[in-house]
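K.L.:
Those protein sequences? They're chains A and B, same order as listed.
Going by our numbering, the first residue of the first sequence is number 1, and it counts up by one from there.
Going by our numbering, the first residue of the second sequence is number 1, and it counts up by one from there.
Simulated from the structure, these hints should not be mistaken for lab results.
Don't take each hint at face value.
The calculated lysine to aspartate or glutamate pairs, modelled on EDC-like cross-linking and capped at a C-alpha distance of 20 Å, are [what the hints assert, rightly or not]:
hint, chain 1, residue 1, chain 2, residue 2
1, B, K4, A, E57
2, B, K267, A, E29
3, B, K3, A, D66
4, A, K83, B, E146
5, B, K267, A, E148
6, B, K3, A, D56
7, B, K271, A, E29
8, B, K340, A, D66
9, B, K3, A, E29
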Amino acid sequence: MEQKIIIAGFGGQGILSAGRFLAYAGMLEDKNVSWLPSYGPEMRGGTANCCIIISDEQVGSPIVNDPTALIAMNTPSLDKFEKIVRPGGVIIVDSSLVGRQVNREDVVTYAIPATELASEAGNATFANIFLLGKLIAHTNIIKPESFELSLKHGLREKYHHLIPEEMKVLRRGMEY
Amino acid sequence: MGKKVLMKGNEVIAEAAIRAGCTHYFGYPITPQSDIAHYMAKQLPLVGGTFVQAESEVAAINMLYGASGAGARCMTSSSSPGISLKQEGISYMACAELPAVIVNIVRCGPGLGGILPAQGDYFQAVKGGGHGDYKMVVLAPANLQELYELTVEAFNIADKYRTLVMIMGDGNLGQMMEPVQFKDQEDIYKDEKAWATVGTGMKRKHNTITSIYIEPEVLEAHNNKLQKKYALIAEKEVRVEEFNTENADIIVTAYGTVARIVKNVIKLAKKDNINVGLIRPITLWPFPSEAYVKCAEYAKAFLSVELSAGQMVEDVRLAVNGKKPVYFHGRTGGMIPTEKEIYDKIKEILEKLGG
Numbered sequence: 001m002e003q004k005i006i007i008a009g010f011g012g013q014g015i016l017s018a019g020r021f022l023a024y025a026g027m028l029e030d031k032n033v034s035w036l037p038s039y040g041p042e043m044r045g046g047t048a049n050c051c052i053i054i055s056d057e058q059v060g061s062p063i064v065n066d067p068t069a070l071i072a073m074n075t076p077s078l079d080k081f082e083k084i085v086r087p088g089g090v091i092i093v094d095s096s097l098v099g100r101q102v103n104r105e106d107v108v109t110y111a112i113p114a115t116e117l118a119s120e121a122g123n124a125t126f127a128n129i130f131l132l133g134k135l136i137a138h139t140n141i142i143k144p145e146s147f148e149l150s151l152k153h154g155l156r157e158k159y160h161h162l163i164p165e166e167m168k169v170l171r172r173g174m175e176y
Numbered sequence: 001m002g003k004k005v006l007m008k009g010n011e012v013i014a015e016a017a018i019r020a021g022c023t024h025y026f027g028y029p030i031t032p033q034s035d036i037a038h039y040m041a042k043q044l045p046l047v048g049g050t051f052v053q054a055e056s057e058v059a060a061i062n063m064l065y066g067a068s069g070a071g072a073r074c075m076t077s078s079s080s081p082g083i084s085l086k087q088e089g090i091s092y093m094a095c096a097e098l099p100a101v102i103v104n105i106v107r108c109g110p111g112l113g114g115i116l117p118a119q120g121d122y123f124q125a126v127k128g129g130g131h132g133d134y135k136m137v138v139l140a141p142a143n144l145q146e147l148y149e150l151t152v153e154a155f156n157i158a159d160k161y162r163t164l165v166m167i168m169g170d171g172n173l174g175q176m177m178e179p180v181q182f183k184d185q186e187d188i189y190k191d192e193k194a195w196a197t198v199g200t201g202m203k204r205k206h207n208t209i210t211s212i213y214i215e216p217e218v219l220e221a222h223n224n225k226l227q228k229k230y231a232l233i234a235e236k237e238v239r240v241e242e243f244n245t246e247n248a249d250i251i252v253t254a255y256g257t258v259a260r261i262v263k264n265v266i267k268l269a270k271k272d273n274i275n276v277g278l279i280r281p282i283t284l285w286p287f288p289s290e291a292y293v294k295c296a297e298y299a300k301a302f303l304s305v306e307l308s309a310g311q312m313v314e315d316v317r318l319a320v321n322g323k324k325p326v327y328f329h330g331r332t333g334g335m336i337p338t339e340k341e342i343y344d345k346i347k348e349i350l351e352k353l354g355g
C-alpha cells in the first residue's frame, strides 16, 4: 500500500506538524516515509502545505503530483490541489473554513466542520488532528496508537499533558 | 546501527558533520539551508566545537581557510548566491591544498533567483567556479541516508587528498524529512596533518600555507602537483549508481532528487514494456564516464534530465563520445519535471529512433 498525502492550509493551523506526526507514525510502523514541506517566503505569505508519502515500498520522489489523499484547511488550498487528487482518492475539507463544496465526483469527499468540532471538544487548534482522524479511518494508513507514540516523541515534554486531549479529538475524527 | 530517526536533510548534514569530527563551522544564513547553521549553533558547542555566524559568505570561506590551515576538520554551507561569493576563497583553498567541506543546497538562479530547488550550479561546482586550474570533489546524494553517509565520507576524502569536497543538494533534499539510521561509530580517516600551521614548538622548520607562487617555474611545478592529485582522485573516487541499465533501450542520467523522479518513471515504463535505465552520478566530479562507455554499446539513446538549462548533459556527451544520440530535458526557475513529463520525452525519443 502507498498513500501520497497533501495537507494544506494557512500557516499556524499545524499543517506541517500534522504531516510530520503522520510520517513519524508511519516510520514507527516500519513503513517507508517522506515528508516535504513548502518552505521559505511562500509560508510567510500565509499558505503552508506538505507532502507525505507512506509506503510499503521504497519512496521514489518525495514530491506529490497525484495525491491519493488531500486535507484542505482553507479555500485556496482546495482550489490549488482539488484537481490533482487521483480518481478514487479522498478529499477531506475543514468546512468551518472552506467556503465551497468539492467539485469532484470521482473521489470520496468528507466535509467536516473540524474547527468548530475541535473547539467544542475544547481546543480549536486541534482541527488538524480531527481531520487526520478521518484520514486515518478512511485509509487505514497508520494505527492511532502509532500516532500517539509519534506525539510523545515529537512534542516537547511541557506539552505532553495535551496528548490525551489530542487523542480524544483524533478518535472523534475517526468516528465522524 | 542506531534506530531510525526522522530528520530534515539540512539537519542530517549538520549531525553527520559532527559525527565525522567536524569541530569548526562558519556560515551566513540563506534559504533553503539555514537549518544547517541552526543545528550547528546548538549542537557544535556541546561537543567542544566552534560555531561562528560570519558577517558574510566571504568572511565565512576565509575563516574556513584559517581553521583548515590550523588542521581542524571544518565546514561551511550556503546556497547558490552565497556559494558564488565564496568562489575566490575556494580557489585560494584549492591552491593552498586545504581540506574542507563546502555544502551547497542549490536554489534557482541566476542572480538572487528564487529559493526553490535547482541544479543550475553544476558548471560552477564541477568546472571550477573560481579562477585557475583546480578541481574539487562534488558529491550529489539523492536520499537522506546517503546524505548522511556521504557527508562523513566528504570529510575523509578531504583529509585524504588535502582537497575541497562539495556536497551538492537542492532545496528538496535540504527541507525534506526521511528516516535515517546513524551508525554507532563512524569510520574516520585519521591524518596527522603534519603540514598544518600549528606552531613549531621550536622542534621543526615552520610550515607554510600559501596560494601565491610568484616564480613561474615554481607555480608550474605546483600546478603539476595539483593535477597529479586530481588525476589520482579521478581514478580512485568515482561513485555511481546504475539502475536497470542492463539491456535498457534508453539510459537516463539524473542526479540528486531528480534521480528519484526518474526511478518512478522507470517503474511506469516497465508497465508498458519499455526498458529505461538510469545512470546516477554520485560524484559529479569525478564524473563516472566509464559507465557510459559500456552502456553506449547497446542503448539506443541517452537522456539527461536536470533542473537546469542543460549543464551535466555536456559531460554525458563527452562520455558517450558520439556513439549514440544524447538528448536533454530540463526545467528551471524552481519547476520540477513530473514523471509523466519525463516519460513523454522518453517515448518521443524512442519513437523518433524507430521504436
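K.L.:
Given the hint that K3/B pairs with E29/A, does the C-alpha gap stay at or below 20 Å?
P.N.:
holds (13 Å)
K.L.:
Would you mind confirming whether the straight-line C-alpha gap from K4/B to E57/A stays at or under 20 Å?
P.N.:
holds (16 Å)
K.L.:
Between the alpha carbons of K267/B and E148/A, is the straight-line distance 20 Å or under?
P.N.:
violated (35 Å)
K.L.:
Starting from K267/B, check that the Cα of E29/A is at most 20 Å away, please.
P.N.:
The hint is violated at about 25 Å.
K.L.:
Compare the distance between the alpha carbons of K83/A and E146/B with 20 Å, and conclude whether the hinted pair is satisfied.
P.N.:
violated (34 Å)
K.L.:
Given the hint that K340/B pairs with D66/A, does the C-alpha gap stay at or below 20 Å?
P.N.:
Within the cut-off at roughly 11 Å; holds.
K.L.:
Could you grab the alpha-carbon distance between K271/B and E29/A and see if it respects the 20 Å cut-off?
P.N.:
violated (29 Å)
K.L.:
Taking only the CA atoms, is the gap from K3/B to D56/A under or equal to 20 Å?
P.N.:
Roughly 18 Å between the alpha carbons, so the hint for K3/B and D56/A holds.
K.L.:
Between K3/B and D66/A, does the CA-CA distance stay at or below 20 Å?
P.N.:
At roughly 31 Å apart (the allowed maximum being 20 Å), D66/A and K3/B break the hint.
The structure is inconsistent with the numbered hints 2, 3, 4, 5 and 7, although it conforms to all the rest.
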